[in-house]
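**Student:** With chain A held as given, fit chain B onto it using these hints.
Here is what each chain is made of, one letter per residue.
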Amino acid sequence: MPLLVISENEWGVCMSEILLEAKGLKKYFPMKKGFLRRTVSQVKAVDDLSFHVLKGETLGIVGESGCGKSTTGRLLIRLLEATEGEVIYKGRNILHTQKEEMRELRKELQMVFQDPYSSLNPRLTVGQILEEPLANYQLSPKNEWREKILELLQVVGLGEQAIHRYPHEFSGGQRQRIGIARALMLGPELIIADEPVSALDVSIQSQVLNLLKDLQQRYALTFIFISHDLSVVNHFCDRILVMYLGRVVEISSKKSLFERPLHPYSQALLSAVPSPDPKRKKDRIILTGDVPSPSNPPSGCAFHPRCPACMDICKQVRPALRHTADGEAVACHLYSE
Amino acid sequence: MENTTLVKENVPGSLPLSIQQPRTSPLREFIKHFRRNRLGVIGLFGILALLLLAVFAPAISDRPTGYGDVTNMLQPPNAQYWFGTDSVGLSIFDQVIWGTRVSLYVGLTSAVISILIGVPIGLLSGYYGGRVSHIGMAITDIFLTLPVLPLMIIMAAVLGTGISNIAIIIGLFSWPQIARVTRAETLAIREKQYIEAARAIGTKESKIIFRHVLLNAFPPILVNMTIIMGTSVLSEAGLSFLGLGDPMSWSWGTILQNAHSTGVIIHAWWLALFPSIAIVVLVLSFNFLGIGINEALNPRLRKR
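The listed protein sequences correspond, in order, to chains A and B.
Add 410 to a position in the first sequence, counting from 1, and you land on the number used in our numbering.
Add 1005 to a position in the second sequence, counting from 1, and you land on the number used in our numbering.
One chain only, chain A, in its complex shape:
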């Protein structure tokens, strides 16, 4: 992986700096059984994941439910501790930093949560919820907090009166805006959005997505956007990482993934996206079988039992992530020399 990558996002801004990089990230959950609670097997939720995020871009992580997307997001900011691997943020590995140092880093690494109903403490007013990050770090004097809270409420499209209200007085979309405001309180660089719109009505989804996009421009934010919804990802992301069973299947720019998906799994996923054009011929790739258990993944390529292009080598050798000339990466034996 080159340290400097030149690419363009949709506004034509040239970006080159890698903000965050994951190397060989693994998270195994032990499964304990019996009287002595011995570890009998491990659920490989995230298995050898490597990717990077450029400053200012939006990286989408897509995959079926249970493929380890959310776990990945939590590993990156250490809400979960990784079993193995490195997360390099601004040039240093943050998986082994001390507690206090990590607390300082949290100012820059924030998260927007999936469920707007359980991510806000029901007994605190919105003002108290938004005040907490400021109180935790004491970055500004106390008499300025209120002003800052009101400013951010304005930014996320809520009125000043919200400050005295409780979360249950708001709709799902409004609650998600409160969650976004909370993530913004400390002035973060990177926001991990864990399915931020999947719990919302479709009519509200685009509003929240547009808000996130506005915020990205306004504050020069970098996003890691976790989603299972390809149309949402298409709307929002610059580059897309496709995950299957805890592993990277393909990393491409949005354009090339949607026009020319390389991996058979990506092809199957994209063929399932409904098209607004009724004349377009539908050739859906229907995957057979179920997603295998991550506690006992198939040998070789994890996708081989369901792959329409399965070869003999796929059953034995796990394909490495291979970088193509256009800066894309795919883990599939079809593309090895």
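Since the hints were made in silico from the structure, they are not lab data.
Honestly, I wouldn't trust all of these hints.
[Unchecked claim] Calculated Cβ distances over 10 Å to all of chain A for the following chain B residues:
(1) L1079
(2) M1160
(3) L1227
(4) L1239
(5) P1252
(6) A1277
[Unchecked claim] Computed, partial: chain A to chain B, Cβ under 7 Å:
(7) D525
(8) S529
(9) L530
(10) N531
(11) N546
Backbone N, C-alpha and C fix where the C-beta goes; we use that ideal spot for every residue, glycine too.
**Tutor:** Just chain B now, kept in the frame of chain A:
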């Protein structure tokens, strides 16, 4: 999807002025909502009335001691003795009034003791899980399965029968209930995303436990505390009834015990009725207060 303009949702800023709230403190909020709760207010007034009786007992009645009006033994309620007299001619009314002091003291002290022991054990074992949880819950279960009454009797006999001792003993045997409720609540709250969110915004563990876990676990704990106040008054009455109360002070249980031990309880119904009513009033008041506090603290249960 691609070219939608940012349409604002129905934001609270556009609400009519009449339902906009002025800036209020959490305490004022609580009072505002508590006042609307009928049961809670009844309970509060009940307890306040009993507290006043306890504080002003010397002004209301004479402390009953020794032998009373021996010419008027076992009188049913009348104009002079409102609640009647007992077998040594002492006024039951005076005894009930003075008994309020003891009962309230026992109820409050034992509830505070059980909170001080039960809440930390429940919180820590619920929040940290694993070994901490096993140890905490093992202790709790042992205390729950102990035969409480015989042990209370033994401890009361060993420690002596002062009122403070009685209160401490009852508190020492009441906390497992608090610990269990606290742990059960904590287990549910621990999994909420706002706990994870608090970690993400850099909140320290101690603050998470108090501000997020305890705050949300608080109402059921409080309700249980009021229940313990009620039951410990009953326990005290029971211990006194068994002759293990403080012979130097009057409690409602002592009155019942005297009525029982002199064998007149069948003929003199007023000996049993009035202290029993007092116990019922106190226990119910505590329970109502608990319900009221719970509903006022929980934004979703609040009456509008």
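**Student:** Compare the structure with each hint and give your call.
**Tutor:** Hint check:
1. Distance to chain A confirms L1079 (chain B) as a non-interface residue, since its nearest Cβ pair spans about 56 Å, more than 10 Å.
2. The Cβ of M1160 (chain B) lies farther than 10 Å from every Cβ of chain A, with a closest approach of about 36 Å, so its non-interface assignment holds.
3. No beta-carbon of chain A is positioned within 10 Å of the beta-carbon of L1227 (chain B); the least distance is around 13 Å.
4. At roughly 32 Å from the closest C-beta of chain A, the C-beta of L1239 (chain B) stays outside 10 Å, upholding its exclusion from the interface.
5. Remark: the non-interface label on P1252 (chain B) is consistent with the geometry, its nearest Cβ contact in chain A lying 47 Å away (cut-off 10 Å).
6. Every CB of chain A lies more than 10 Å from the CB of A1277 (chain B), the least distance being 44 Å, so the non-interface label holds.
7. At a threshold of 7 Å, the smallest CB-CB gap from D525 (chain A) to chain B is about 5 Å, leaving the interface hint in force.
8. A hinted interface residue such as S529 (chain A) counts as satisfied when its beta carbon comes closer than 7 Å to some beta carbon of chain B; here the least separation is about 4 Å, so the hint holds.
9. Given the 7 Å rule on beta carbons, the hint for L530 (chain A) holds: about 6 Å separates it from the nearest Cβ of chain B.
10. Hint on N531 (chain A) holds. Least Cβ distance to chain B is approximately 4 Å, under the 7 Å limit.
11. Interface restraint check: N546 (chain A) against chain B, minimum CB-CB distance 4 Å, threshold 7 Å, status holds.
In summary, this structure violates none of the numbered hints.
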